[in-house]
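Start from chain A and add chains B and C according to the hints.
Now for the letters of each chain:
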Amino acid sequence: MGLLEFIKDYFLGFWDYETPKVMVVKNKKLGVIYRGVQFLVITYFIWYVFISQKAYQDSETRPESSVYTKMKGTALLGDHILDMVEYVRPSEGGDVISTILRREVTHNQRQGTCAEHFTVPSANCSKDADCISREVNFDGNGQRTGRCVPYYNQTFKTCEIQTWCPIEDYAAIWEPALAEAINFTVYIKNAIHFPKFKVLRGNIKPNKRNGQKYLNKCHYNEKKHPYCPIFRLGYIAEQAREKFSELCRTGGVIGVFINWKCDLDLDPSECTPTYSFRRLDLRKNLPSSGYNFRFAKYYSKDGEEFRTLIKAFGIRLDVIVHGHAGRFSIIPTIINTVTAMTSVGICSIICDWIMLTFIDKNDIYSDRKYDDDSKVPSPSQLLTVPTEFTISYGSNHSDLSEGVAL
Amino acid sequence: MGLLEFIKDYFLGFWDYETPKVMVVKNKKLGVIYRGVQFLVITYFIWYVFISQKAYQDSETRPESSVYTKMKGTALLGDHILDMVEYVRPSEGGDVISTILRREVTHNQRQGTCAEHFTVPSANCSKDADCISREVNFDGNGQRTGRCVPYYNQTFKTCEIQTWCPIEDYAAIWEPALAEAINFTVYIKNAIHFPKFKVLRGNIKPNKRNGQKYLNKCHYNEKKHPYCPIFRLGYIAEQAREKFSELCRTGGVIGVFINWKCDLDLDPSECTPTYSFRRLDLRKNLPSSGYNFRFAKYYSKDGEEFRTLIKAFGIRLDVIVHGHAGRFSIIPTIINTVTAMTSVGICSIICDWIMLTFIDKNDIYSDRKYDDDSKVPSPSQLLTVPTEFTISYGSNHSDLSEGVAL
Amino acid sequence: MGLLEFIKDYFLGFWDYETPKVMVVKNKKLGVIYRGVQFLVITYFIWYVFISQKAYQDSETRPESSVYTKMKGTALLGDHILDMVEYVRPSEGGDVISTILRREVTHNQRQGTCAEHFTVPSANCSKDADCISREVNFDGNGQRTGRCVPYYNQTFKTCEIQTWCPIEDYAAIWEPALAEAINFTVYIKNAIHFPKFKVLRGNIKPNKRNGQKYLNKCHYNEKKHPYCPIFRLGYIAEQAREKFSELCRTGGVIGVFINWKCDLDLDPSECTPTYSFRRLDLRKNLPSSGYNFRFAKYYSKDGEEFRTLIKAFGIRLDVIVHGHAGRFSIIPTIINTVTAMTSVGICSIICDWIMLTFIDKNDIYSDRKYDDDSKVPSPSQLLTVPTEFTISYGSNHSDLSEGVAL
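Chains as they are written, first to last, in the working numbering: chain A, 1 to 406; chain B, 1 to 406; chain C, 1 to 406.
Calculated from the structure, these hints are not laboratory results.
Ideal Cβ positions, reconstructed from N, Cα and C, are used throughout, including at glycine.
There is no bait here: all hints are sound.
With a Cα cut of at most 20 Å, we get these calculated PhoX-like pairs of lysine-lysine: (1) A/K301 <-> C/K297; (2) A/K196 <-> B/K261; (3) A/K297 <-> B/K301; (4) C/K311 <-> C/K297; (5) C/K311 <-> B/K72; (6) B/K224 <-> B/K205; (7) C/K261 <-> B/K196; (8) C/K301 <-> A/K301; (9) A/K198 <-> A/K261; (10) B/K54 <-> A/K196; (11) C/K70 <-> A/K297; (12) B/K70 <-> B/K217; (13) B/K54 <-> B/K261; (14) C/K8 <-> A/K26.
Just so you have them, the derived chain A footprint on chain C, three or more residues with Cβ under 8 Å: (15) 16–24; (16) 81–92.
Looking at chain A on its own, in the form it has when it is part of the complex (with noise of 0.2 Å):
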């Protein structure tokens, strides 16, 4: 046959069903092991694949999420009351809220010249001769106006420098923890978006009746109040392990994560978050740990700024949002039964590389597998021998050769 006539045939036979030729081996070892693969692939797919993974469905891990946060709870301060205007920062309610628990206050700071604090290096002097005038070191508080002046009302004297006077190293005033703030409640609303889902679901219990008394009398537990979103300091620093003294004591991060797993495949209602408590800042063998921040409050006398300065030391919350949304959707379970299916091929691999190698009739099979065709004569030879007298041995060449040895 020429080209042509195999493209005719080609065309005619579009319609033809093809399907590999099997060979099948009546051979319990091997079939034990071919069964056992393919029940290992099976296995691994039905179990894993489909009802662990749920690769039935189209998934969606990236909502989109609003956080709202606002703190509540009073705090006395010696005879000073502390609210949450005070302690909260900042105050737009965002996805990070911090709370101060401890401050160093110094006040009525003033732009002027007094003596550096003697822990800095080379502030130590006795004559003028010591401080070079209009240096600036580093770790100090301001530029030095080359006078050598007492340290305040002590004997030994330091370096006079420029800047806010009194320096907070020697003013600053240590309150005490706000022990009160353990009871203090934040508010966490959060809203979650699956765009391609269309799903919007939101961390508070839509609840018609009395909601609002709900939602100012409960806190949060994971066991009696799991849909009150509102957080006692306490509890959080308790889920996280930390000791809310010591988070008083240094200040802390301390991540709080809403989880959503959502599968829509059931009622919406099932799609409620999770919520758990991690501190964020590393803290074992560091040398600098915690979290603190320092920031003024500017005042102004007869034109003059003054400030009172307060290095706040604080519990700082980042609201963190995890979601994750799965439906069922045609195309992924197509795509993942075929890709099954074909993974099931790679039994014959193993089976056959086997049975090629170690059982004792390898040769037979292998001769059986295989057809060779280094003994299929040359065209020129066929031609000879008419052509229904070939079809009427079929397509298997090995025949003809034995035909034509008679």
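Below, chains B and C alone, put in the same frame as chain A:
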């Protein structure tokens, strides 16, 4: 042949080409099913995977994004002018910016003692004995002094507390909403960077000629000004399907979504963002809803500190950037093509099952498809036969058995 | 055989092993192509997928990250000392921190009436009639009173407006840039957590001995101090290829990228971050560029509020953390191995196509590859043949037809 020869043959045969033997079934039913399934699979891959999902592209979905926001506009409140410095918080202009629409202001609060609000549980009293000293009611505003005092200039009495006086619940002045805020504008500058593709894009059209003038005049509008990054609050609320008046009353959180879909096989100038707006905080049938926060301005007079407490209702804009970029890459193209080709194999599985189950001639087909070895002689018999003779019969041992039968 | 027996055989044959029959073609051209394609596929998988892409690992790409930033340094402005409390905003030290490099300060602004700036459209006037009362020009600074007043102590006149007076455009004092800011340092503490692998890492080397002393002295430098998390602003600007002087003029947003690439099969101490710096806001040929924001300090005198308005130009540092961790896992290893093996199948498809199209002997090959059933006798004929006879010939019906022909 022994294992040794087998190994020899194996190395000799390394350059042989092996291809599975295929049985052709001239059966229209099967053919149609076969081609039908093939067609479906191929269509799915070409249309969905390649054209719709652009599987020939390498993609990146999490660009580095930088957002800079700035608000503009002035509003008149009585005879007091509010500019953005007063109604925008935080001032740094990051990806979360909130604007105040309505304020409840409590002027001149001072640390001191005053009457608790009458709605606070157990705050109402007739004599001092009704008020436990040093008690702090969580819903209250401060610590009780133990005295029972007249409620401001009312006839009835409540327990006296130590706190910022006067208390907000009593003294707050409700200011009218900033109606003009509907014309405030927010300028959102967004730059994204796809590290993998080294592509840097911004949402502002570089425009040497009169760019600055354009940015001073234009307001974003999907139709008319798609490249103007300045948004009217009214437009945003409208796009989010919110009543601005209601937002003024309760406040709310609105997401500004900047979506970048970049096909880098096209001209980079095609890579422009689209904007969408959606309210992020849930509000329907929710007990607590809306967005508000408290902050204070601190003043000092004769060394005594006092403050103006402001409860602010407003809009918080969360700018959320989604990005996706794709560019042709050879590796995903190959992978997906291979997957497509192997997936076509699934057709045989289906059709074989049909053929061997439903077609009346299935026993013939199965006989021809499956070459059963149950009739193969034992190796011992084989060895009696001269090897060359065996080989002269090619690899078909069923012929051999026949030869012996003669 | 009837369907019944077929089913019986099926169950008996459950433990049979089935392997496709393969035709061996002793054709060097084909063999070379075949092995060549195989080589390419296998190379791709071994080199790219397994070695380069580490496909044998289970990976996690979105760690939980916590960033804490703190700035340090003092700058002299005239005879006024600026410390970090004044030039850093926000003070809480989150992952976005901005430092002021230059200020335009408007002192003692009070609510009142004063002349509009002359550049504002329609602000210039000669008589009151030119100014519409209660009109608010969007680009203006306030609401017009309807009077036409001298422009501060100039000869020409502009419309009077109600606003914070004096207006910034007129009264702002341009302060010189903080040249010393180039030596300011920012301390960036970053801790990440890979939940899947339960791995917690920080960017500070735990160092019991003199860790604190080291952190007080060191400045980050890729070569000399890769483990020092303290960065000079000058170094950051330089790494981002920005002129510090230009940043002082216009301000800018710079991204600090912390990249974690952790191969958890190695020692955890290998898992250390690398830092990179890039300017995030586009600036070339952009009408508006740079980074600035406004804020005010509020004071009170005799019950009257006044403020100092500050327009601040500076650097905003956005700390962006990228993380990737991988650890050996059996499932991805198996999956990718299977994929690799099945992908080798692609070679046959290519070679078959070549063989059946280009090779001169393609008709012989096709005959031998494709076992055509067109010449199979009808089932009726089959039934005339004794079953055992049929079986004695094995399953090869082309032999059978031959037998009949004898």
